[in-house]
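Protein chains in written order, with this note's numbering: chain A, 7 to 174; chain B, 56 to 558.
Worth flagging that the hints you see were computed from the coordinates, not collected in a lab.
Backbone N, C-alpha and C fix where the C-beta goes; we use that ideal spot for every residue, glycine too.
Be aware that a few hints might be false.
[What the hints assert, rightly or not] Far from chain A, some chain B residues (derived; all Cβ distances over 12 Å):
id, residue
1, Val-183
2, Leu-196
3, Gly-273
4, Gly-514
5, Leu-536
[Unchecked claim] Ranges between beta-carbon positions, derived for each pair:
id, chain 1, residue 1, chain 2, residue 2, range
6, B, Asn-463, A, Ala-145, 42 to 48 Å
7, B, Leu-242, A, Val-98, 35 to 41 Å
8, A, Ala-51, B, Asp-280, 41 to 47 Å
So the chains spell out like this:
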Amino acid sequence: MVSSNPGNARRAGPLNVRAPQKFVAGMVLVGICSFVLWAVEGLDAGTVKFMGPAMFPRALAVLLGIGGVILIGDSLLRDGEALAAWSWRGPVLVNAGIILFALTIRHFGLAVAGMLALVVSGFATAEARPREVIVFAAAVTLGCIILFRYLLDMSVPVFAIPGTSIGF
Amino acid sequence: MLDLFSHLGLGFAVALSLHNVVLCFIGCMLGTLIGVLPGIGPIATIAVLLPITFNFEPASALIMVAGIYYGAQYGGSTTAILLSIPGEASSTVTVLDGHEMAKQGRGGIALGISAIGSFFAGTVATVVIAALAIPLTGVALVFGPVEYFSLMVTGLVFAAALARGSMFNAAITIVFGVLLSTVGPDLVTGKLRMTFEVNELADGIDFAVMGMGLFGVGEILRNLDHTMSRDVVKGTIGRLLPGLAELRQSLWPIIRGTVIGGALGILPGNGAVLGSFAAYTTEKKLARDPSRFGRGAIEGVAAPESANNAGAQTSFIPLLTLGIPPNAVMAIMVGAMTIHGIIPGPQVIGSNPDLFWGLIASMWIGNLMLLVINLPLIGIWVRLLKVPYRLLFPAIIMFCCIGVYSINESTTDIVIMAAFGLLGYAMSKFGFEPAPLVLGMILGRMMEESLRQSMIISGGSFAIFVTRPISAALLAFAAILLVIVLLPSIRHRREEIFVEEED
Numbered sequence: 007m008v009s010s011n012p013g014n015a016r017r018a019g020p021l022n023v024r025a026p027q028k029f030v031a032g033m034v035l036v037g038i039c040s041f042v043l044w045a046v047e048g049l050d051a052g053t054v055k056f057m058g059p060a061m062f063p064r065a066l067a068v069l070l071g072i073g074g075v076i077l078i079g080d081s082l083l084r085d086g087e088a089l090a091a092w093s094w095r096g097p098v099l100v101n102a103g104i105i106l107f108a109l110t111i112r113h114f115g116l117a118v119a120g121m122l123a124l125v126v127s128g129f130a131t132a133e134a135r136p137r138e139v140i141v142f143a144a145a146v147t148l149g150c151i152i153l154f155r156y157l158l159d160m161s162v163p164v165f166a167i168p169g170t171s172i173g174f
Numbered sequence: 056m057l058d059l060f061s062h063l064g065l066g067f068a069v070a071l072s073l074h075n076v077v078l079c080f081i082g083c084m085l086g087t088l089i090g091v092l093p094g095i096g097p098i099a100t101i102a103v104l105l106p107i108t109f110n111f112e113p114a115s116a117l118i119m120v121a122g123i124y125y126g127a128q129y130g131g132s133t134t135a136i137l138l139s140i141p142g143e144a145s146s147t148v149t150v151l152d153g154h155e156m157a158k159q160g161r162g163g164i165a166l167g168i169s170a171i172g173s174f175f176a177g178t179v180a181t182v183v184i185a186a187l188a189i190p191l192t193g194v195a196l197v198f199g200p201v202e203y204f205s206l207m208v209t210g211l212v213f214a215a216a217l218a219r220g221s222m223f224n225a226a227i228t229i230v231f232g233v234l235l236s237t238v239g240p241d242l243v244t245g246k247l248r249m250t251f252e253v254n255e256l257a258d259g260i261d262f263a264v265m266g267m268g269l270f271g272v273g274e275i276l277r278n279l280d281h282t283m284s285r286d287v288v289k290g291t292i293g294r295l296l297p298g299l300a301e302l303r304q305s306l307w308p309i310i311r312g313t314v315i316g317g318a319l320g321i322l323p324g325n326g327a328v329l330g331s332f333a334a335y336t337t338e339k340k341l342a343r344d345p346s347r348f349g350r351g352a353i354e355g356v357a358a359p360e361s362a363n364n365a366g367a368q369t370s371f372i373p374l375l376t377l378g379i380p381p382n383a384v385m386a387i388m389v390g391a392m393t394i395h396g397i398i399p400g401p402q403v404i405g406s407n408p409d410l411f412w413g414l415i416a417s418m419w420i421g422n423l424m425l426l427v428i429n430l431p432l433i434g435i436w437v438r439l440l441k442v443p444y445r446l447l448f449p450a451i452i453m454f455c456c457i458g459v460y461s462i463n464e465s466t467t468d469i470v471i472m473a474a475f476g477l478l479g480y481a482m483s484k485f486g487f488e489p490a491p492l493v494l495g496m497i498l499g500r501m502m503e504e505s506l507r508q509s510m511i512i513s514g515g516s517f518a519i520f521v522t523r524p525i526s527a528a529l530l531a532f533a534a535i536l537l538v539i540v541l542l543p544s545i546r547h548r549r550e551e552i553f554v555e556e557e558d
């Protein structure tokens, strides 16, 4: 584990990470590099004169990898920023709202998908007030149905129940 | 000269059709409406509103997008002046004196002079674009793949040098963006690369999807982390029209700002960002009493706002003549054009003259609309600023979802958007700005193509990039810039600038 406490950055250990943020960023870059090299493995790189499909992505991945190694090296030599604090509520609820929208839009229609997306993502902030979120979600959903379905003539169902013939 | 007028005439004939004027107007309104929301810059605004333009024919759609762009710019200035929250890097300097003016009850005048300055800058820049367009497309014709590759490398070096924060991180972000552009079919063999059997990736990563993810969703995730202090200026905004004395005071700053911003905007790699800052510094240096700056000096609003708008407009030049977007906003414009089946570049002027000149004329009309329609509506925008963010962001999420879905009616695209949102959030946690990613991604495909063609021409020797004179000059230009930026004294200065901006 990386120490995220800047106070005891100079701790005895096999790895003395002095800039945790850079260290982790470097590791991620090396990870991306390895992943891309693996992903284009089956493709032909060709020659410099006649480059194949794998040449350009492979070269870029190696560049990223080198960048990552530089960041890791730097993080061991110079003091730098600690890892930034991540919040979970925001990203989790916002993305849950988006995924629910994606899952329901085609079969249940805009009314259901919109309400789900707005209500779930609405609670992504600690300042959310339940009643307000629901009323606002209903108003925005209605507005979007009018705008996108009727004014802009988008082909998306307004409301449907799968397995029945209900749908308009 | 006569040509210039006949071209502009054609442009105005296209842009002034009732249909297109209405679309430009709606674009401006919607652009301001979204752009005025705190924490949403022009990139996010265009990305979110792009789907609305899908139903129209290309010329009308692009005119509407241009309207959205100017509206978003103006909305950003409004938030900068009244809320002290800059929506993008280039309006950060406006905050310094603009917000001070607002606190003194002169917010209306700050908004007014910003609109007037922007209009003047926009008018000059429109003429400049119209005059330079044809000669520059001529330049484009002598550019082969070798020159194009070097030009794009130069542009990306610029983008890294002028990015906010760490230059090294910006360079890495650009490389990552270029890497993302290789997802999809190989240009020569048609073999799929890194698509992992996802149909939606078979044509490459959709640009609008990525933009909405990074700048729509990602921006919201970042904003949710800190509750934004909403320091809406209380009390009156005051009158909007500056008096004669204030106009006289702003005249030269507006002219100087226009020249500085317009010149920097043409540079590849986001020169426009420098414009507002350079204009502000110039005014401060020229002023008889520099201590007035930062305390509500009207020149401190007039100059950077004019520079900003001039740069915003001249940055269309590299896009329209060479097909190379100089910054992330223009990269989004490329996405918008491609969706409508137009590949921006020197051929557009010949193959779609009505579209090309119509777009240029609509830039001026867009600016005029901002002045005569948006300014009087300022009260509505101010009221909108009072809607709490906790209600606004779910609505923006919803627009992004519907927008992405409407492109290809694909739910996988929505999931890809969510992934890019998380990527943008994660990048910010590690000190990486997302804007250069978009630029790298949009230039990536062109770069690979021109690199491969160059290598076939040269028989596999990289020396071709330095033996061809134009290409060598471009690379030398990039090298000089790199050396300058890395000089210790400039490096410190650069860090200072961006510290002041980030504040």
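Tested hints:
no.: 1; hint: Val-183; verdict: 35 Å, holds
no.: 2; hint: Leu-196; verdict: 26 Å, holds
no.: 3; hint: Gly-273; verdict: 10 Å, violated
no.: 4; hint: Gly-514; verdict: 6 Å, violated
no.: 5; hint: Leu-536; verdict: 20 Å, holds
no.: 6; hint: B/Asn-463 x A/Ala-145: 42 to 48 Å; verdict: 28 Å, violated
no.: 7; hint: B/Leu-242 x A/Val-98: 35 to 41 Å; verdict: 39 Å, holds
no.: 8; hint: A/Ala-51 x B/Asp-280: 41 to 47 Å; verdict: 42 Å, holds
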